[in-house]
Structure formats: structure tokens, C-alpha cells
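Protein chains: 2
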Amino acid sequence: MAAKRYLLTPGPTPVPPEVLAATAAPMIHHRGPDFKALYARAVDRLKQVCRTDNDVLLFTSSGTGGFESAVANLVSPGDAVLCVSHGEFGERWAALAGVYGADVRRLAYEWGEIPRAEDLARALADDPAGLVLLVHSETSTGVVSDVEALAAVACDAGALVVVDAVSSLGAVPLETDAWGIDVVVSGSQKALMAPPGLALATVSEPAWERCERTTSPRFYYDWRRYRRAVEAGTPFTPAVATVAGLDVALGLILEEGLETAFARHAALGRACREGAKAMGLELFSPDDESAAVVTAILTPDGANAKELVLSLRERFGITVAGGHGDMATRLFRIGHIGWFDVFDITTALAAVELVLSDMGAPIERGVAVTRALEAYAEAVAPA
Amino acid sequence: MAAKRYLLTPGPTPVPPEVLAATAAPMIHHRGPDFKALYARAVDRLKQVCRTDNDVLLFTSSGTGGFESAVANLVSPGDAVLCVSHGEFGERWAALAGVYGADVRRLAYEWGEIPRAEDLARALADDPAGLVLLVHSETSTGVVSDVEALAAVACDAGALVVVDAVSSLGAVPLETDAWGIDVVVSGSQKALMAPPGLALATVSEPAWERCERTTSPRFYYDWRRYRRAVEAGTPFTPAVATVAGLDVALGLILEEGLETAFARHAALGRACREGAKAMGLELFSPDDESAAVVTAILTPDGANAKELVLSLRERFGITVAGGHGDMATRLFRIGHIGWFDVFDITTALAAVELVLSDMGAPIERGVAVTRALEAYAEAVAPA
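First to last, the protein sequences are chains D and Y.
Start counting at 1 in the first sequence, then tack on 36, and there's your number in our numbering.
Start counting at 1 in the second sequence, then tack on 36, and there's your number in our numbering.
A portion of the hints provided could be inaccurate.
One copy or any two copies: either way a pair holds, since identical chains are not told apart in the list.
The calculated lysine-lysine pairs, modelled on BS3-like cross-linking and capped at a C-alpha distance of 27 Å, are [what the hints assert, rightly or not]: (1) 342 with 313; (2) 313 with 72; (3) 342 with 40; (4) 72 with 83; (5) 83 with 40; (6) 313 with 83; (7) 342 with 83; (8) 72 with 40; (9) 72 with 342.
Calculated directly from the structure, the hints in this document are not laboratory data.
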């Protein structure tokens, strides 16, 4: 095992040293004035990152717990719920809604396809649903959907809109209020550059109203407890250290500026795609400006992606992600979410090139890194 | 605000520096071999601390999420559930069971009372229930109940036994398997000496059988997902850094030895009670060897406990806990859970003595610290 490690997965993502240091400060009490101030600042920063004036609730939980909070607070048995599914996380929405007894309709695409607003409009016209569940960045495929257009169509049809923004928040534009999104769910461990362990949900007034009428049982994720506890900070003992880290990370993000961060992510995606293509690899992610979060790449015929992932780790200490399910032998994914610069991309590409060559795959040598650097430079400073 | 801080609450508790350092290591991927090995070791150590061969499930969550996991997986609407309630957390069990539609019966005591096994036997004989929810250490009052005797009675009545051991696990004896406890719920942030953010549940075979029959909706806390995911580690992205810290903390606990840790906690409780009595204060916790987790103390008439707590913090950087609800003006609580030695107790007592004196309370000066040290020495080396 190599001594130096590179975490290049789409989450958990690398955590900046000043964030790690904040998580390792001596423990403080969650009801004391220091933590209350810290918590209030972190929530205020989250509102800025989400671009919302709605309530932002913070849960000590994985992202999936945040998803469940949305379903448990908005879905009563029998409710019509439309899930737009184009990968692993769209399927998770559908499974969750099913567990809570929803009448689940799927607008389903092949994995890797980009959902279309006109399909959603037609689906809602044919078969109305009061709640639409969307995935912004489908981490399993690299597809970033056009949530602005999808949300507009859902709003027009009178539905509440819930968005899984776990891997997109802070990486690609998301305008919670301007786009009329009722609920955004995200997590600490992706573009927010903090360790895993916190999930968040933004809640609009119409979502609060629906929450009050929902009959599904919930306690830990009962949004109303978090709203009532605003004065106290949190209703239950939060992950104090992770909140401290998240607060510092959010400060870094806002200092860089959200627009700059979005441009950087778009350029990183561009660099990664151009480099991969230059060495002759086929993209699974759309070769499109929108794919700024994670790049999904197919291995050449005969080159097993599982073997590639293993070899990258064992030879070079580089961790990238594999593909889900049937795609496990053909797909690998390079994350570029959060604390990344172009040299993380060139490191990934250089190592992939080396390992695939050694596996006997027909790879163009010596061009990927240069092409990635060029593409990055073009993207950050367009002509 | 004083520069040096002392966290003397019953949770979150102070975290040893080697544990903090482990939480601040560079982030690793939760599906990689490093984390899988770390996770497996942490779970194995938890089994040793819980003294169980049952499955131990680890959730990224506050302790209350662990409680909800027990209720969501074991309670279907209409199920008869008996909650033994003698404080804040007994009431939380009852509220949770109620949310899931249980037919909730309470065996309720005054706060500060110790539940009696014979009462539980009678209650179950009069009105059988398939599930009994107990609190081991009632953090709101300092009472540690005799879970061995209570569980024996519940087992005899054919009920499954679930124990809230959030503030007791690692501080006072708990024999999950030997006492026939089906489910133990605990958290990372008390005697386990790690930051908050992880909850655990031990699950016996009869509890697994009941879980399979339970109809309540659950997804994130669905125990079956965690059992199926044993090979992968966790079904959802866990709080990687907190698991790393917990693993180190559990190593420290097992290195000290559980019996030594129990004796230390008993001696700390004894020292705290003797010191408080020596300065003329009245105990709210039972003056009993069992009260080893947190000491609840009444302020003298006319001395507002809220003012005491605030003054300790502002003048000396010392955080102790106040009382819940009606007790807020009369009660304060000194925690001695986890990474504590006798000088934490003498610090707390010395500062309480100083502040209460300055508040004009009739306090015996200059005896508490000496008496606490004597009591500690007697407790750790009985004649």
C-alpha cells in the first residue's frame, strides 16, 4: 500500500486541514453559549449556500436520513408521489416513498440519461401527484439534471418539489428560493468539504403546512421538533465536532464565493472529461458543461473496472469509485467535489493511464494530463 | 469568560486527545479496506464493552435516533408496550412508543426514585406487554436502576427487554447477554469518550424475529439493512471520522479494563456525593453506590441553580448541567462519565463552593475537596 493517499471519490471527499483541526478541538457542551453561536452561524452560512430564506434544519445523520426526514414529514399512506429516477438515488427516493405507503409513480430513465422537463410536465398532467422527488446530481452516473426546469414544471402542476442535492450543493448552481424548491436535502461530506455525519433539509412554508397534515410516524426526524428547538439550537445532542468543522468549511466556501466555486467545479469536470477522452476512453457521464460533480468513465473492452479501482488503490494509494450493480466491471468514477484543484484531476488521469496500459488496454499515452490542463485553463478563462 | 475550560456535564463528555487526533486524520472512503477493518474492529470492541455476542448495529445519529430505531423495528400499531419511567428519558421512551401507535403503559415513579423489580412484575402480571422499555442511567436525576433485576422480571413475563444505556455503557456494569437484555441502545458521547454522532443498538435473536414482523415504516433505521450490510460495513455513508475516534476510545477503555472503569466511576460518584454533603448540600441523586454516572445536587434555599450554572461558566469556564423542567432553579448536575479523574470532581466542588458562598448561601467552606479526596481513596482501596 502506498504511503501517500489520494481520496478522489464522489464522497466522502477530502477535508481541508483547517476543517479537520476544527473537528478536533476540545469538546464543548451543545447547550452552552459557544455552541449556540457556532450553530447559529453554521445555519446562517447554510442558508447562504442554499440561497434560501427558508428554515434550514440540521440532522446528525447520513444523507439518507435527511431523505427519510423529507418523506416521513411529507408523505402519508396513499399519497401520490412522483419520483424522477435516472440512477441509484432516484431509486432510493422511490424505495423510501414506498416504505411510507405512498402511491409511487416513477418517471424512469436509463441510467446516464438526463431527465426532461417536458416528460415531467406530461407525467404530471396524465397522473397528478402532490409531491415530486428529484435528484440534482445523480452521483451514480455523473448526470446533473436541470432542476430549475424540472421544478418550474412541477410548481406549475401544483406539486411540492423536493430535491436530493447531496452531491451538488456547493458544486453546481442551486437556487432554492428563486427556483421554487420546497425542500432541499444535502449532506456535509461532499462539496461542503466536512466529514460525513450531518444532513440538512431546507423547508418552505408550503412544506411546513403539508408536514403538519402528514400522519406518518416520526420522532427523531420530526421537522417540527427542530423548528421548535431553534432557540435551544437542536432538539437532540448534535454531532458537535462535525458542526464545528462544517462551520469552518462553509466559511471557506463563502470566502471563495459560490460563483467561483461553481466555475471551478465546471472546469474540473471539463478537464477530467477532456483528459479521459484524450487517452481514448469513453465517457458514461454526459460530455456536457453540467457534469461538474463526478465523471463516470467506461473502461475499454476487456479491462475490468474493478481491477482498475483495486490496482489504483494498491499501487498508488488512489481511491476512486467503481460503478453500481451491473456497471461494476465497466464503470469507474472520479469525483471532483469540494476541496479539489486541477492537479487532483491530473493525478487521477496519470494513474488511470498507467494502470490501464499495464492491464494491456489500448490507451493513448502521454496526452491526458496536458489536455486536462489545457481544458481547465480554457474553462476558467474562456476566450 | 475564563481561558481554560472544564466540561463536567453528563454528555457530551471530555474527549481524550488521542481520540480527538484520530477524528482529525485525513478522510478515507467508507467502502475502502482501511475503513472496513477499522469499522470491524470498532464493532468487535463494542461487543466486548456491551458484553454481548449479539449483533451490534452502529448508526450515524444522536442517541435518540438509536431509541427510535428500537421502537420503529419492534413496535407495530396497537402493540402493548410498558415503559418504566423515572425521569426525562423514561418519558422519551413513552413518547416514542406513542408516536408509533403503541398501546403505552407507564410504570411511573417520581423523578429521583429507583424503580423496583417487584412493581414491574406486578404491572406485567396485571396487564401483560410484549415489550418493556427501561432506562439504565436516568441522566436527568442521577438514578441508575437495577437493570439486572428489572430485566429478569420482564424475561420471566415473556417480554422483550430494551434498555437505554446511553449514559451508563462503560460507566456501570451492564451484562447484555448474561442479564437477558434483547436490545441495548447507547451513544458515542458519554462513557465511550468519543464525540457525539454515533448511536448503537445490540439486537438479540428474539428481537430480530420481532423486527421481521413489525409493520412500522422505517428505512434509515431499518435494522435489517444494517444486518445485510455487514460485509460492506454500513448501508449508508457513516460518520467516518467519529468511528475512527470511537475505535481509539474503545481501545483505551478495554486497555483500562471494564471492571477498573466501573470501580473508577463508582469512586468518582462517591467522591462527588461526599464532597457535596460535606459543604452542606442536599443530594437529589440517591446517596448510593449505584449513582456512579452523574450527581444531581440541590442548591440551598434561595440559591438559584440557574444562576450557579451561569456563574460557574462565566467566572471559571466550568460547564455543569442544570435541572430539567420544574427543577431548573433548584437542581444542578455534575457528570463524571468517561474521561474523568478525581481532580475533575475537586475542581467542580471547589468552584461550586466558591460561587454558592458568593451568592450568600450557607456553605461550609474548606472541607469539600478534602472530603472528596478521602472518599475517593477509600472507594478505590476499601479497607
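Hints, one by one, checked against the model:
{"no.": "1", "hint": "342 with 313", "verdict": "within (20 Å within a copy, 66 Å between copies)"}
{"no.": "2", "hint": "313 with 72", "verdict": "neither (49 Å within a copy, 33 Å between copies)"}
{"no.": "3", "hint": "342 with 40", "verdict": "within (21 Å within a copy, 51 Å between copies)"}
{"no.": "4", "hint": "72 with 83", "verdict": "within (17 Å within a copy, 35 Å between copies)"}
{"no.": "5", "hint": "83 with 40", "verdict": "neither (36 Å within a copy, 33 Å between copies)"}
{"no.": "6", "hint": "313 with 83", "verdict": "neither (38 Å within a copy, 50 Å between copies)"}
{"no.": "7", "hint": "342 with 83", "verdict": "neither (39 Å within a copy, 33 Å between copies)"}
{"no.": "8", "hint": "72 with 40", "verdict": "between (38 Å within a copy, 19 Å between copies)"}
{"no.": "9", "hint": "72 with 342", "verdict": "between (46 Å within a copy, 17 Å between copies)"}
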